[in-house]
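Novice: Sequence:
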Amino acid sequence: MRLTLRPPVLAAGLVVLGSVLLAAHREARLLRIREGTVALPRASARVRGVRLAFLADFHLGGPGPGEVLTAKALARLRTWRPDLILLGGDYFDQGRIVPTSVFDDLSDFPRVYAVLGNHDHRRGAENAAKIARLLESRGVTVLRNERVFVTVHREDGSESTLEVVGLDDPYTGLDDPSLLVMPPREDVPRVLLAHAPLLLERVPVGCADLALFGHTHWGQIRLMPTSHLGPLDAAWYLDRIRKRPHSRLQRGWFWERGMLSYVSAGIGVTQVPFRLFAPPEMLLLQFDDRARDDSRPCDDPRHFVRMAHS
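For the sequence shown, the numbering used here assigns the number 50 to the initial residue and increments by one for each residue that follows.
Since the hints were made in silico from the structure, they are not lab data.
DEER-style ranges, computed between Cβ atoms:
| # | residue 1 | residue 2 | range |
| --- | --- | --- | --- |
| 1 | 197 | 143 | 27 to 35 Å |
| 2 | 346 | 187 | 36 to 44 Å |
| 3 | 82 | 205 | 25 to 33 Å |
| 4 | 343 | 307 | 17 to 25 Å |
| 5 | 176 | 342 | 42 to 50 Å |
| 6 | 293 | 129 | 32 to 40 Å |
| 7 | 187 | 279 | 31 to 39 Å |
Predicted model only: the values in this text are computed from it and were never measured. Idealized CB from N, CA, C, for every residue including glycine.
Construct all of the structure, not just a fragment, from the sequences and the given hints.
Specialist: The structure is reproduced here in C-alpha cells:
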C-alpha cells in the first residue's frame, strides 16, 4: 500500500517544522540566569555570603552565538560581583582557536578558576595547552588535576576559605580522581569542578560538598522529559557516534554520592545552531545556611538549594 501525503497535510507539517526550528533558533540566543542560595551539607555557615558563578561550554567559533552570550554573561557578573568564578571547559568549538577578545574581561575578576573540556582536547595536547595559556594570560588559573585553597576576604575583616579541586576532562579519560580519596578538611568546604558529569560514577562518597559540571548542554535539543539523557535528545547521538558512555545525570541539581551536584546547560552550542527546552545559562550561587529546608529529605537537593525563578 502506497502512502501519499496530501498537499494540505504536507504544508501543515512544513509549518510545524518551521515553527519548531524558529523557536529552537531563538532559544539558543536567550541567556538564562539561574540564581539561587545554597546551604552546603558541611560547614555552610563558614562561607555564608560567598558568591560563586559557574559558566561552561562556550563553544566560541561554533554554529551558535557563543561569543555574544559569553559577553552578556560576563557583563552580568560585573553587576553581580562574584567572589569566585568557575569555568567548566569547552572554550572553542572542536578545539579550533578563533580570534576573540571576549575572554579579556576575565582579567577584571580576582578569582577565576577553570578546567578543560573534551573539545579543548580534540586537536591534541599542544592545542589544549594553547587554550590553557590563552586563559592564563587573562588571569585565569587552569586546574588540570590540581587543588587550590581560595580565601575570600570581607570588608568587615572576616574571611572564608574554600577548596577547589579541578579535574581534567573526564570524557576523554584525562581526569585523576585520586585527588578526591582524602576527604575534605573539616573546616573547609570542597568544590569539585570538572567538565563531564560521568566522573560521578567513579568518585568516593562524600568527596566534596558541591560538584559542578557542564558538557551535556542538557541534550541541546531536548525532548526527553526526564533528568536523564535519552534517544529524544540530540546529545545522545553525539555520545553514540563517539562511542562514549552516557552519564546518568544530565541536567540540573542532584544529590549524588553524598554531595550536591549541578549539571549546567552551558552557554554555546555545537554541531547545529539550535536549542530546544535546554536554554543557554549561567549559574549564580550565594552560600547561606538559611537556605536549608528541613521539610525536605536529606537526599533531596531542595533540602539545600533555593533557586529563584528565572
